[in-house]
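A.B. asks: Line order of the protein sequences matches chains U and H.
Numbered according to the working numbering, the first sequence terminates at residue 1286, and the numbering increases by one at each position without gaps.
Numbered according to the working numbering, the second sequence terminates at residue 624, and the numbering increases by one at each position without gaps.
Errors might be hidden in some of the hints.
[Unchecked claim] Straight-line distance between alpha carbons at most 35 angstroms, and here's what the computed DSBU-like set of lysine-lysine pairs gives: (1) H/492 x H/415; (2) H/90 x H/78; (3) H/78 x U/1019; (4) U/1050 x U/1164; (5) U/1019 x U/1131; (6) H/415 x U/1019; (7) U/1019 x U/1050; (8) H/259 x U/1019; (9) H/418 x H/492.
It should be emphasised that the hints constitute simulated quantities derived from the structure, not laboratory data.
Because the structure is a prediction, the values reported are computed rather than measured.
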Amino acid sequence: MGRFRNIINIIILVALTTVGLRWLFTIILALPVAASAEAIPIDQLFDAHYWLIAFLFALIMVLMLYAVFFFTRADGDETDGPHIHGHTKLEITWTVVPFFVVMGFGIWGAVVLNEITRPKEGEMTVHVTGKQWIWSFDYPEQGGFASGELVLPVGRTIALKMNAADVIHSFWVPEFRVKQDLVPGRETMLRITPTEIGNYKLRCAEICGLNHTVMEADVRVLSADDFQAWTAEKSAAPAFSDMTPEERGAFWASAEGFGCVACHSSDGTPGVGPTWQEIYMHDVALADGSTVSADDDYIRNSILDPNSQIVSGFNPNLMPQTYLDQFTTRQQEVNAAEAIDIDIAADIIAYIKTLQ
Amino acid sequence: MRTLKILLTSALAKGLVGQAVGWALGYSFIALLRSLQGLPTPWLYEPAVAFGAITSLIGFLVAAGVLGDWLRWIVGKKTELRHGAPEGKPEWSRYFNVDYNHKVIGIQYGVTSVLVLLVGGLFAIMFRIELAQPGMQWLSNDDFNTLFSAHGIIMIASILLGVGSIVNYLVPLMIGAPDMAFPRLNAFSYWVTIPSAIIILSGMAVGGWDTGWVGYATLSLRAPLGVVLFLLGFWMNGFSSIASSLNLLVTVTTMRAKGMTLFRMPIVVWGAIAASIIQLTATQTVGVALTATVAERVLGLNFFDPAGGGNPILYQHLFWFYSHPVVYVFVLPGLAIISELLPVFTRKPLFGYRWVALSSLGIALVGFLVWAHHMFTSGMADVLRVPFMFSTMMVAIPTGVKFFSWVATMWEGKLPKNPPTPLLFVFGAISIFLIGGVTGPILGTVPTNLHLHDSYWIVGHFHATMFGGYIFPLFAAFYYWYPKVTGRMYKESLGKLHFWLMLPAFWVMSIGQMSVGLLGMRRRVADYDPALGITTTHILITLAALVIGWSVLIMVYNFISSARSQPIADPNPWRSRSPEWQIPYPVPEFNYAVPFEVVGEPYDYGLADSVYTRSIVPAPSGD
Chain U
931 MGRFRNIINI
941 IILVALTTVG
951 LRWLFTIILA
961 LPVAASAEAI
971 PIDQLFDAHY
981 WLIAFLFALI
991 MVLMLYAVFF
1001 FTRADGDETD
1011 GPHIHGHTKL
1021 EITWTVVPFF
1031 VVMGFGIWGA
1041 VVLNEITRPK
1051 EGEMTVHVTG
1061 KQWIWSFDYP
1071 EQGGFASGEL
1081 VLPVGRTIAL
1091 KMNAADVIHS
1101 FWVPEFRVKQ
1111 DLVPGRETML
1121 RITPTEIGNY
1131 KLRCAEICGL
1141 NHTVMEADVR
1151 VLSADDFQAW
1161 TAEKSAAPAF
1171 SDMTPEERGA
1181 FWASAEGFGC
1191 VACHSSDGTP
1201 GVGPTWQEIY
1211 MHDVALADGS
1221 TVSADDDYIR
1231 NSILDPNSQI
1241 VSGFNPNLMP
1251 QTYLDQFTTR
1261 QQEVNAAEAI
1271 DIDIAADIIA
1281 YIKTLQ
Chain H
2 MRTLKILLTS
12 ALAKGLVGQA
22 VGWALGYSFI
32 ALLRSLQGLP
42 TPWLYEPAVA
52 FGAITSLIGF
62 LVAAGVLGDW
72 LRWIVGKKTE
82 LRHGAPEGKP
92 EWSRYFNVDY
102 NHKVIGIQYG
112 VTSVLVLLVG
122 GLFAIMFRIE
132 LAQPGMQWLS
142 NDDFNTLFSA
152 HGIIMIASIL
162 LGVGSIVNYL
172 VPLMIGAPDM
182 AFPRLNAFSY
192 WVTIPSAIII
202 LSGMAVGGWD
212 TGWVGYATLS
222 LRAPLGVVLF
232 LLGFWMNGFS
242 SIASSLNLLV
252 TVTTMRAKGM
262 TLFRMPIVVW
272 GAIAASIIQL
282 TATQTVGVAL
292 TATVAERVLG
302 LNFFDPAGGG
312 NPILYQHLFW
322 FYSHPVVYVF
332 VLPGLAIISE
342 LLPVFTRKPL
352 FGYRWVALSS
362 LGIALVGFLV
372 WAHHMFTSGM
382 ADVLRVPFMF
392 STMMVAIPTG
402 VKFFSWVATM
412 WEGKLPKNPP
422 TPLLFVFGAI
432 SIFLIGGVTG
442 PILGTVPTNL
452 HLHDSYWIVG
462 HFHATMFGGY
472 IFPLFAAFYY
482 WYPKVTGRMY
492 KESLGKLHFW
502 LMLPAFWVMS
512 IGQMSVGLLG
522 MRRRVADYDP
532 ALGITTTHIL
542 ITLAALVIGW
552 SVLIMVYNFI
562 SSARSQPIAD
572 PNPWRSRSPE
582 WQIPYPVPEF
592 NYAVPFEVVG
602 EPYDYGLADS
612 VYTRSIVPAP
622 SGD
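Modelling step: build the complete structure from the supplied sequences, incorporating the hints.
C.D. replies: And the structure:
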């Protein structure tokens, strides 16, 4: 077959294969449903990239397989092929054309990046805290309450201002298409504009230690009215002075409090730390071989000076050593705000007593 | 019995004993210092373990005899460049001892790389079995984290060993040199990798570590003890890269045959040069990242912990400034192997040889300018994201030059109707490196990167680039040069079986990984939500990994059993023009008994009467 015929064949095969692959990608390289405004220009870029991937893949594979099947040696032919050592114009072409293609994608990418990151009118701030291995969210503009789930109003841009308490974590909801690391020692920011009411999952996307796999939080996107109702409900949450010590203890243990539940279950489920179910006034075997009774002093000491008594089968240096300071600070705030005198450790002990 | 004696008195055995003794001495030294201060030393006290790791490296090297000649020079003694097996010992004992011949060292590198590959592969299969189904079936979170962390660094160690194998075995032969410029340094470069690997593996025994092979702060600062051994072992391995790349560059600069201008070298040498430039200059940066982390943990210095005024993102810059360019170290030799083999099998010149040669340098250069594309979500200065996006996209250009050259070489060529195994692996390499390559720009574009970063798409992308740019070409090279190294032919039917198992399995694995990543599967996680609808794909990925593992074992069996088959008669079964095929098996100790001169182009297939090299016949002595 002459060279011209071969080239025509290649062009036809590449065109067909490109379209075929692009179609195949809709099945094997599917994206999750798009649920944010940012996802729109991002998915357009995905689409364009998929076309480029399909075309480049088709181009090289068709050329290669065409050669494998058609540019073969006749039986018994031990002579060499044609002495084609190069073609400078062709080399220049396939250097310059890709240059413009990648530059084009770069410019497009820069435009989209600017669009999805720039401040938007009417945006709302939510503070995100990531710590091993739990998320918590604060709503400064709605009264300053904390939440263990990320609840957002549809159609509004949310400026997430994020802090990591210990190691690097990363915020990713696949349906929103954007991701941002949380870095200790600095605040990072991510803008998202949810467009679909629904339930999603936030899962940490940077290896953060033992329980990275399960560091997740619920994300709920509500209508404006429902969001209003939710914030009203959260802001009107009973003051600490209205709560019993047991209720306060349950709060302190939750994600909105100090996050004890990330490592200590209330129902016997094994975790990074011992379960709280049925521990009060039971015997505990310690790592140094001794046995103690889990009385009030033991529990208080376990929280405020964790490394001094490690339970057998568990590891030291995992539980934060900072609760004494954190409790003191929080106690001062709450006591001053509500003119009461709480003791957070005592509240937690009271809550633990209920877990029999 | 005699075999056992030879093994037990080998440099390897002595080195291992020396490593254990060195460790004990270093550990005890710290314990002694502490007892002089009235302090106890708890078991596995971290500073003692760290210091012990360093002294264990010295212990290995001293006991194995790697440093022997240099120590003699320090005290003014002369040494001879010993060649051949030690007195009275069989030829095979050379591979277990400190040998200065580049071919022996090349085999040592090659065999070790396969062993390490199998170990790393075993770790992968262990955690892939866990990932086949949602829920935790047999591994704890701890074990899982350590297994993927170890898998990453062990595979990288294997790749560097394999690159060392290709480069050290082939380059002197291809340029007409009797050996590398610095044979003792060459031996050192190999032997230092053994204690390094042992130290990394020991990390798994003393608590493991959960940071992945990237070891980001601040998690690295609070990870279990194993992380220190990972960091130190990784750092020590760097000395191998730096020394061997220095050796390669000096060798190629000073020891080329007469008439071998740079553009008349076999193309593999260009790949080796480009890889060596990177190794020589970038390795030091990751060394800083690793040792700074150890210093922060053990000595309390402040680099990365914000609590002490440090910056966690600094670690990432230091780390990736090396770790991006190193991926080009991994693939440039392999891509050069594709360029080397295609002309031989198509009986046509390598299309655009000069462009291909310069594209290796181009990739190496641009490769230094892209590292922060690993950090688009890191919280680094916002202004950096767009420039690194553009620089990253630029890498596609010299890479494209290679792909186009390959298909242009095949165009109108005379390929065999029944491609032999090396050629099959070349085709496989091209198809897989293509997947890896085309899934790069989507990662280099920041807005799409935000979805894909830290997902299984990344896992798919880098496995495709590694298998396509290194593993498949490495296997092609093993099959292709097997007759040169052993004088025998491997079994073609087993080679084909290996290929036809491995290629489809890899395709399934690669596409599967990208697919689950797009749908929300994160990397470095031990489990996933069944609601994501990715369980079936995970089962397929795990099965594919198992098939790949078995196919590699078929290759190992093939090479071992074929080594005992009948020697082949033809010293150049592939009819290559390359210099190493113009000499018979066994290759002499110093390669070319009669030196050759380059009088033509390396890839002038199809040009009548063209000659590449000609032996330099010594002038007859006068009467």
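A.B. asks: Take the hints in turn and mark each one as holding or not.
C.D. replies: The hints, checked one at a time:
Distance check on the hinted pair: residue 492 of chain H and residue 415 of chain H sit about 24 angstroms apart at the alpha-carbon level, within 35 angstroms; holds. Of the supplied pair hints, the one linking residue 90 of chain H and residue 78 of chain H holds, its CA atoms being roughly 25 angstroms apart against a limit of 35 angstroms. Taking the CA atoms of residue 78 of chain H and residue 1019 of chain U, the gap is about 60 angstroms. The hint is violated against a cut of 35 angstroms. For the hint linking residue 1050 of chain U to residue 1164 of chain U, the alpha-carbon distance of about 26 angstroms falls within 35 angstroms, and the restraint holds.
Between residue 1019 of chain U and residue 1131 of chain U the CA atoms are separated by roughly 53 angstroms; this puts the pair beyond 35 angstroms, and the hint is violated. Distance restraint check for residue 415 of chain H and residue 1019 of chain U: the Cα-Cα separation of roughly 24 angstroms lies within the 35 angstroms cut-off, and the hinted pair is therefore satisfied. Pair hint residue 1019 of chain U plus residue 1050 of chain U does not hold up; C-alpha atoms about 48 angstroms apart against a cutoff of 35 angstroms. With a CA separation close to 32 angstroms, the supplied pair residue 259 of chain H and residue 1019 of chain U stays within the 35 angstroms bound.
The suggested pairing of residue 418 of chain H with residue 492 of chain H holds, with an alpha-carbon distance near 18 angstroms, which does not exceed 35 angstroms.
Violation of the numbered hints given earlier is confined to hints 3, 5 and 7; the remaining hints are satisfied by the structure.
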